[in-house]
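Engineer: Below are the chains, spelled out letter by letter.
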Amino acid sequence: MRGYRSAIYEKQESRAAFLFILPAFVLLAVFIFYPMLHALVISFQNYNLIAAEHHFNGIANYRKLFSDETFGASLWHSFYFTLVVLPVQTAISLGLALLVQKKFRGVGFFRTVYFVPVAVSFAVASTIFRLIYNKDYGMLNAVLKGIGLPALDFLSNPDISMLGIIVLCIWRAMGFVMVIFLAGLNNIPDSLYEAAHVDGANAVQRFFLVTLPLLKRTMAFVVIITTMDALKIFIPIYITTSGGPAGSTSTVVHFIYETAFKQMNMGYAAAAAFLFFFLVLIISIVQLRVFRTDVEY
Amino acid sequence: MRKRLLLLSAALLATASLAACSNDNGNDGSSASPGSSQPSSQGASSSGSSDEVVTLSFWRHDYAPEAEAFKKLIASFEESHPNIKIDFQMIPNDQYETKIRTALAGGNPPDIMALDAPTLASYANQKAIIPLDDYFAKDGNKDDLLKPVIEGLTFDGKMYAAPNNEGTIVMFYNKKMFEEKGIPLPSKNVDEAWTWDQVLDAAKKLNDPAKGVYGWNPTPWGFVGHEGAPYSEMAFLWQAGAEILSPDGKTAKGYLDSAESKKALTFWQNLFNGDKVSPKELPQDAFWNGKVAIHVDGPFAFQYQEQNFPNFKLGEDYDVAPLWKESKMIGTTGSWGMAITSHSEHPDEAWQFVNWVTGVEGSKVWYEETKNLPARQSTFDAFQELKEYPMNIYAEQLAKYGHPRPVTPAYPAISEAIRLLFEDVGLGNADIDDSLAKAVKKIEDGIATLNP
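Taken in order, these protein sequences are the chains called A and B.
Each residue of the first sequence is one higher than the one before, starting from 1 at the first, in our numbering.
Each residue of the second sequence is one higher than the one before, starting from 1 at the first, in our numbering.
FYI, nobody ran anything at the bench for these hints, they're computed from the structure.
Keep in mind that this is a model prediction, so the values were computed, not measured.
A virtual CB, placed ideally from N, CA and C, is assigned to each residue, including glycine.
Any given hint could turn out to be false.
As the list claims (entries may be wrong) - Pair ranges (Cβ atoms, derived):
1) B:LYS441 to A:PHE234: 24 to 34 Å
2) A:LEU281 to B:ALA75: 50 to 60 Å
3) A:HIS38 to B:TRP221: 33 to 43 Å
4) B:TRP221 to A:ALA91: 36 to 46 Å
5) B:LYS158 to A:VAL88: 51 to 61 Å
6) A:LEU37 to B:GLY107: 14 to 24 Å
7) A:ALA123 to B:ALA75: 29 to 39 Å
8) A:HIS38 to B:LYS204: 50 to 60 Å
9) A:PHE33 to B:LYS158: 38 to 48 Å
10) B:ASN108 to A:ILE225: 35 to 45 Å
11) B:GLY107 to A:ILE32: 17 to 27 Å
12) B:LEU8 to A:ILE32: 20 to 30 Å
What the hints assert, rightly or not - With a straight-line cut-off of 27 Å between C-alpha atoms, the simulated DSS-like cross-links for lysine-lysine are:
13) A:LYS262 to B:LYS158
14) B:LYS147 to B:LYS250
15) B:LYS262 to B:LYS328
16) A:LYS64 to B:LYS438
17) B:LYS188 to B:LYS147
18) B:LYS371 to B:LYS313
19) A:LYS64 to B:LYS253
20) A:LYS145 to B:LYS205
21) B:LYS204 to B:LYS328
22) B:LYS204 to A:LYS135
23) B:LYS441 to A:LYS262
24) A:LYS262 to B:LYS250
25) A:LYS145 to B:LYS211
26) B:LYS127 to A:LYS262
27) A:LYS232 to B:LYS99
28) B:LYS276 to A:LYS135
29) B:LYS176 to A:LYS135
30) B:LYS438 to B:LYS263
31) A:LYS64 to B:LYS250
32) A:LYS135 to B:LYS211
33) A:LYS145 to B:LYS276
Unchecked claim - Short derived list, chain B residues pointing at chain A, Cβ under 8 Å:
34) THR98
35) LEU104
36) ALA105
37) ALA128
38) LEU420
39) ASP424
40) THR449
So that you can see chain A by itself, here it is in the shape it has in the complex:
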């Protein structure tokens, strides 16, 4: 008798759960899965953006990608960007989080100030940084000249242009990551710090032996999200440097955008997009495995 009742209850529960998920799933299917499938089909076609009909050309698009110098360069730019941004941004954000964790007078002000760049529209920030970075009349070089340092021509020197974009992105995102780290730090019970202190650990040892290990879950989240966002960076490239100077800041997403809408070669762009999708997927899976942790506190 009892088993029968709980079976019906189970069935009702799972049906209710299914109905709850259904709207979100439908939205996902319509706006994400279906377009992805369509894009996959396009990547196997010779698809001009404004043509009336399209022809299949097998894996020609993918094959061309492997010999495309520009695509290779854009991949390298994306990875270079990620390799620099990931450690630097994480370190800075963690440092900021540690600084504003203590509740002294005025800490709210600092937390807000560090977070304000995140609230600014990325497009607006990119436009303003473009003015700041101008070699002769930008604010950055005005300040540098005043101190007596040589000018930095981020917008016209292909060697350091990427660094200019990196600074912009770190400035913008550090507040957000700081907040995430704050949450993670607040989850570490004080008793552990006290215990370590009693055992004779100094501040540095406490950081490396208590804080960092217990931040592993937060760190995993931060690293995975930062990597994904960094690989997909587009807005500052499009607005601040337009992929220049001399194509030195063209990342993969920028390459895809240009190929699809300027060159109107949709099939090729879709192939590049899918190749990139798999790349990012593999990297994320690897990171998830590396950060797998059973630490509980």
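Given chain A's structure and the hints, the job is docking chain B onto it.
Structural biologist: Relative to the frame of chain A, chain B by itself:
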């Protein structure tokens, strides 16, 4: 509680569907129903008559001086053609190409679209726009159009757009700076243009890094990411005697990477990296603020100066001379026109509007409002000021030495290749042979995708 929830969700659904409705204006081609809500319609009178009122949608990129001209022309058109209404949408400049292409891809483009001459071939090749030869033969006054204009708008033997105006670039120079340094002023005669070396010579004398003044800015907007850069850079290649494509348009190898091209690019590289007379980053309004001594610009510059820098006067502070030359005298031409999309259900009515704006009379109104170079001989003859300084330099240069950009469906690839080529060599100081090889490959790839 339940009733409230139902009421709330019903209200939400209703507002959501209303929002979806109001987004739909002007995007669905021509609709014939007079009662439908078209909030951005320019027509003043209400269309309550029972005979069909045709509404045509027209998209153009946003440029303030032209908005006024269009308002006038649309108003006069609707007055004389009461059964046609024009739904005019202006789209922000840098989004225009993307928006029109996605609309064409999505199957809901406007009836009439603005078109930059070099992109015509890529649209025509995909049959996104219709040929206008029959319409021109009927009442288009094709013979009135200038030869380079017809050349630039013809693809595969058919004309696909009607021109609003033409355009070319000439040299602007800061007269006061020239006089201060005792440099003789360039001739205003189109047949006596300065050579590259003469301009470079003057630029070196005018260059003043201590004051932040550059001698020579060779492209109107600097190294930008849009069409403005290759528009002016291609002139350098042609002036040196190089061509970009073979005559049949099938290859760039042997043409773009010729010795003449190398000469042009070596000169270009020197401007930015050797003699350093040219700015790598062009500040806003550099010429008008006296930061650049020799500049290059189109006819729209005069209006811009009058509106924004009224104290920097023509004839006193600055002057205009023909564009420089090398072994050939050439200025890039080609500007905006209007085309009818193949999606349109009312091409005849669309042509009536296109002809109204670009025809003999419309062209005169257009010139008066925008001061852009006309595309029609009759307009040139109608205005005395086009025969006088400074506009005569533009007019004569256009007629005698104009050179349109290559008319080929692979133009987007060519434009990008040239733009990157000049950036690599100018900003990146890269090896010229490598950069040329890269550009040739990009163009060849672009041509290859057209012929699978």
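Engineer: Look at each hint and say if it fits the structure.
Structural biologist: A quick look at each hint next to the structure:
1. B:LYS441 to A:PHE234: 24 to 34 Å: Holds: the Cβ-Cβ distance is about 25 Å, inside 24 to 34 Å.
2. A:LEU281 to B:ALA75: 50 to 60 Å: At roughly 56 Å between Cβ atoms, ALA75 (chain B) and LEU281 (chain A) fall inside 50 to 60 Å, so the hint holds.
3. A:HIS38 to B:TRP221: 33 to 43 Å: holds (37 Å)
4. B:TRP221 to A:ALA91: 36 to 46 Å: Given about 40 Å between the Cβ atoms, the range holds.
5. B:LYS158 to A:VAL88: 51 to 61 Å: Cβ of LYS158 (chain B) to Cβ of VAL88 (chain A): about 57 Å, so the range 51 to 61 Å holds.
6. A:LEU37 to B:GLY107: 14 to 24 Å: The hinted range 14 to 24 Å holds for LEU37 (chain A) and GLY107 (chain B), with Cβ atoms some 19 Å apart.
7. A:ALA123 to B:ALA75: 29 to 39 Å: holds (35 Å)
8. A:HIS38 to B:LYS204: 50 to 60 Å: For LYS204 (chain B) against HIS38 (chain A), whose Cβ atoms are near 57 Å apart, the range 50 to 60 Å holds.
9. A:PHE33 to B:LYS158: 38 to 48 Å: holds (43 Å)
10. B:ASN108 to A:ILE225: 35 to 45 Å: The hinted range 35 to 45 Å holds for ASN108 (chain B) and ILE225 (chain A), with Cβ atoms some 37 Å apart.
11. B:GLY107 to A:ILE32: 17 to 27 Å: Holds, since GLY107 (chain B) and ILE32 (chain A) (Cβ atoms, about 22 Å apart) stay within the stated range.
12. B:LEU8 to A:ILE32: 20 to 30 Å: holds (28 Å)
13. A:LYS262 to B:LYS158: Given pair LYS262 (chain A), LYS158 (chain B) holds - Cα atoms ~24 Å apart, limit 27 Å.
14. B:LYS147 to B:LYS250: holds (24 Å)
15. B:LYS262 to B:LYS328: Status holds; Cα separation ~16 Å.
16. A:LYS64 to B:LYS438: holds (15 Å)
17. B:LYS188 to B:LYS147: OK: LYS188 (chain B) and LYS147 (chain B) at ~24 Å, within 27 Å.
18. B:LYS371 to B:LYS313: Holds, at about 17 Å.
19. A:LYS64 to B:LYS253: Since the Cα atoms of LYS64 (chain A) and LYS253 (chain B) sit roughly 20 Å apart, the hinted pair holds (cutoff 27 Å).
20. A:LYS145 to B:LYS205: holds (26 Å)
21. B:LYS204 to B:LYS328: holds (23 Å)
22. B:LYS204 to A:LYS135: Holds, at roughly 21 Å.
23. B:LYS441 to A:LYS262: holds (17 Å)
24. A:LYS262 to B:LYS250: Roughly 20 Å between the alpha carbons, so the hint for LYS262 (chain A) and LYS250 (chain B) holds.
25. A:LYS145 to B:LYS211: Cα-Cα ~14 Å, so holds.
26. B:LYS127 to A:LYS262: Holds - the C-alpha atoms of LYS262 (chain A) and LYS127 (chain B) are around 18 Å apart, at most 27 Å.
27. A:LYS232 to B:LYS99: holds (23 Å)
28. B:LYS276 to A:LYS135: holds (14 Å)
29. B:LYS176 to A:LYS135: holds (26 Å)
30. B:LYS438 to B:LYS263: holds (17 Å)
31. A:LYS64 to B:LYS250: holds (20 Å)
32. A:LYS135 to B:LYS211: holds (14 Å)
33. A:LYS145 to B:LYS276: This hinted pair holds, its Cα atoms lying about 20 Å apart.
34. THR98: At 5 Å from the nearest chain A Cβ, THR98 (chain B) passes the 8 Å test, so the hint holds.
35. LEU104: holds (4 Å)
36. ALA105: holds (5 Å)
37. ALA128: holds (5 Å)
38. LEU420: holds (6 Å)
39. ASP424: holds (5 Å)
40. THR449: holds (6 Å)
Violated hints are absent here; each numbered hint is respected by the structure.
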